[in-house]
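> Residue strings, one per chain:
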Amino acid sequence: MISSSYARPLRYLGRYYSTKIWSDFSKRSETLKLIDPKYEKDLLQGINPDQGPNSLVQPDRRLAYHSPVAIDETFKLAYEYLEGESAKIYAKIDDKKSVEETDRLLVKAEQYNPEVLFNIENSPTQIDREQPVYRKYLQEKWESHDRMLSMQRLEQLHVIPDTMPTLDPKVEVKVKFPHNTVLEFSEWIEPGTILPAFAVDKPPTIQIQEFDRVAENSLYTVLLVNPDTPDLETNTFKTTLQYALTNVPLSNSNNVVGTAKLLDDDFAKQHVAREYEPLVPEKNAQLQRACLWVFRQSSGEIKASIGEEDNFDIREFAQSNSLEAIGAHVWRQQFDRSVNQVRQEYGLPNGRVFHRVRKAHPVIPAGTSNVV
Amino acid sequence: MRINSVNASTQRVVNQLSALSASKKQPKLLNLCKEDLIKHKTITNAWNVYQRKVNEKRHIQLNAQYKSIHEAMEDLKQTSPQLYALANKPEKKKKFPLDMRMPTDYPPTKPWVYNYEPSQKRK
Amino acid sequence: MSRLSIRSFSSSPIASKVGYSTVQPVHHLIPIKKQTLGKRFPELNIPKDDIRSPQYKPKDVYQDRVNEYYQNVLKSDLLLHYYEHDSEAVTGNKARSWGEFSPYAVYRRDRKPKGLSRATRDIKPVTPRNIPELTGISINLYNKAALEESWINISARLQLAQITNVKPKVVYNKSNVLPWKVRQGKECGCKVELEGRDMTRFLSTLVELVLPRIRTFKGIKDSSGDKSGNITFGLSPEEIKFFPEIENFQELFPNLFGFHLTFKTNAGTDERARTLLTSLGLPFYKEVKNVQ
Chain R
1 MISSSYARPL RYLGRYYSTK IWSDFSKRSE TLKLIDPKYE KDLLQGINPD QGPNSLVQPD
61 RRLAYHSPVA IDETFKLAYE YLEGESAKIY AKIDDKKSVE ETDRLLVKAE QYNPEVLFNI
121 ENSPTQIDRE QPVYRKYLQE KWESHDRMLS MQRLEQLHVI PDTMPTLDPK VEVKVKFPHN
181 TVLEFSEWIE PGTILPAFAV DKPPTIQIQE FDRVAENSLY TVLLVNPDTP DLETNTFKTT
241 LQYALTNVPL SNSNNVVGTA KLLDDDFAKQ HVAREYEPLV PEKNAQLQRA CLWVFRQSSG
301 EIKASIGEED NFDIREFAQS NSLEAIGAHV WRQQFDRSVN QVRQEYGLPN GRVFHRVRKA
361 HPVIPAGTSN VV
Chain W
1 MRINSVNAST QRVVNQLSAL SASKKQPKLL NLCKEDLIKH KTITNAWNVY QRKVNEKRHI
61 QLNAQYKSIH EAMEDLKQTS PQLYALANKP EKKKKFPLDM RMPTDYPPTK PWVYNYEPSQ
121 KRK
Chain C
1 MSRLSIRSFS SSPIASKVGY STVQPVHHLI PIKKQTLGKR FPELNIPKDD IRSPQYKPKD
61 VYQDRVNEYY QNVLKSDLLL HYYEHDSEAV TGNKARSWGE FSPYAVYRRD RKPKGLSRAT
121 RDIKPVTPRN IPELTGISIN LYNKAALEES WINISARLQL AQITNVKPKV VYNKSNVLPW
181 KVRQGKECGC KVELEGRDMT RFLSTLVELV LPRIRTFKGI KDSSGDKSGN ITFGLSPEEI
241 KFFPEIENFQ ELFPNLFGFH LTFKTNAGTD ERARTLLTSL GLPFYKEVKN VQ
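Chains as they are written, first to last, in the UniProt record's numbering: chain R, 1 to 372; chain W, 1 to 123; chain C, 1 to 292.
Looking at chain R on its own, in the form it has when it is part of the complex (with noise of 0.2 Å):
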């Protein structure tokens, strides 16, 4: 099953690399090492039966497991025949290949690694998203759910195309208000999720994970609009701006919007065009989306600021700025109990209450009939 060809070193290619590549950290990143040290022994180098796997937290549950049979000498000889290949693609790796080729072969070289695979399917909250590999599976992870996920709800709740037109999501964006004291409200949020407006009363924390290399503070536009606020003069609804960050830069690991970031004077002075305002809706009023929308920059800064025009225009904004969409998110509010205390917190006015009026039906006067 192992060929010979590298079980001698590979000291004819352009770099020499070790074929126990992946126990050698002189060239690779520290971050693909297992993160959990507890793990290692029983990973690499077998369970010990009279003391049963680490990853099994009860005693009489660890001494009850049995590992299946002549599963450590298989192991071993997979990891042997998957490193030596591994070698083989690092050693292609040199300085006159491009960035995505490099980065191609990089996953490619790490994603059978058993301490990457472990990583990624124990600690992902922990894993360093600079890694091509990570990343890799991150996506993969995200396209399997998340990703339909958030489209199926932004198209049911007709997010596209009411603010923007479509959508083709490139990033994954996540909202959470950690202000929050109850689990239910202080993790992630699912996009549709109907929320209380006391949950939703200090700005959220928004993670946008870039999946492929991007460059290191690349710039970001968050707007996050309101279409349903009752107009009625016209008798219909307008759009309005809550919320506004233009210029945020961000990377593959930074990439957190949070309340550490927004506490930051400076921070707030240059990034927070639009001061946060929840949505209040008002009582009788129908459902009301509060649809945040992620854009990449293209052209560089955004000099303009946002005027306070009532009815704001998302897709003349994003026109002008040359912003291009990459990422949606939605929540849904409705009036309740805590409406009117966020709405003294923010200073702002009471709340209407709207009412059923009967229409003035027209009324024909008998003998005006024109029925022949």
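Computed list of lysine-lysine pairs in DSS-like fashion (alpha-carbon distance at most 30 Å, straight line):
hint: 1; chain 1: R; residue 1: Lys-76; chain 2: C; residue 2: Lys-59
hint: 2; chain 1: R; residue 1: Lys-27; chain 2: R; residue 2: Lys-38
hint: 3; chain 1: W; residue 1: Lys-89; chain 2: C; residue 2: Lys-124
hint: 4; chain 1: R; residue 1: Lys-76; chain 2: C; residue 2: Lys-57
Examples of chain W residues lying across from chain C (beta carbon under 8 Å, computed):
hint: 5; residue: Gln-16
hint: 6; residue: Leu-29
hint: 7; residue: Leu-32
hint: 8; residue: Gln-65
No lab work stands behind these hints, which were simulated from the structure alone.
Where a beta carbon is used, it is the ideal one built from N, C-alpha and C, also for glycine.
For chain R, the structure is supplied; the task is to place chains W and C on it using the hints.
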């Protein structure tokens, strides 16, 4: 209530039906721990990579064979058109000899016939 | 603007009123697999080749000698055998057009191929990409006795399951034919489609253990075949006895049932398929017609 008195032939049919049902043959789902799961994945990955390599190698070899057959026939076409016509005649109804066997896990007790003679063609 | 697209604040849109249904225009830039988005059965979203999936089936658990033999020995022999220099694809009999100018031909199906009811495939020259291969064996057991008493089919199904290691599917009558006592919807036998390792294991049992012991067996008829490379022959109940799975448990199978075997190949023509099957050890014989 269980019916005890069934005749033998009915009982046989009942047994046959229970032998066919899948529920008794379904193996239990293996609950592997996290480490063993990754080990299993790695073993599967290695096997798949190895199989891919073997298939690639076979494919390359067959392509090389095809190329050399093609070149030989081109050559023959140039040098001797008569021989080429003979060589390129399709062999209709050609069969592989029956004496050519597939390898099996349980070969016969007498694996090799030493005084073998091929079967005579009928005239 | 259509009436549907104007949202007014004071009244509900016409689309949500009773008695009005519409399909919203959607444009999926991302195809959505709705069945993966449910939360009730998360284990069904695990891919089948993952050991955590309930549908996981271990593969490659034993050496497949027949497949290895085909890949390592027969493929190159067959490539050489089928080689024809400067040969080109023979176009099959295809459906014909009704002509360009007839207004009646708009949206009408193409005309049937000449002399046939169905189009036939092109016959392509054999290259390393399309060397003929046995893709499957389908076994069809028609059980006449089950027409009268459907429990008899249980025995037939078990017999097939024993021989092939695959659970058979029950076959039902499609139409009523009174003189044959055929009634629609009644069980009339079972069938099995063999592929991969099940197929090679069955083939090797058939060729090594069963066929050599049938005294009257001359081979498969040379005329058998469906013109596109699938070859069929039948085994009678007496011949079924030689399968080792049946032979050693004869008292459990008091009545045996014969069946038809179809060797499915991607050879394209019967002639090529026959050569392929002889390489796998299946003999053929030429039918001699009695001339008086």
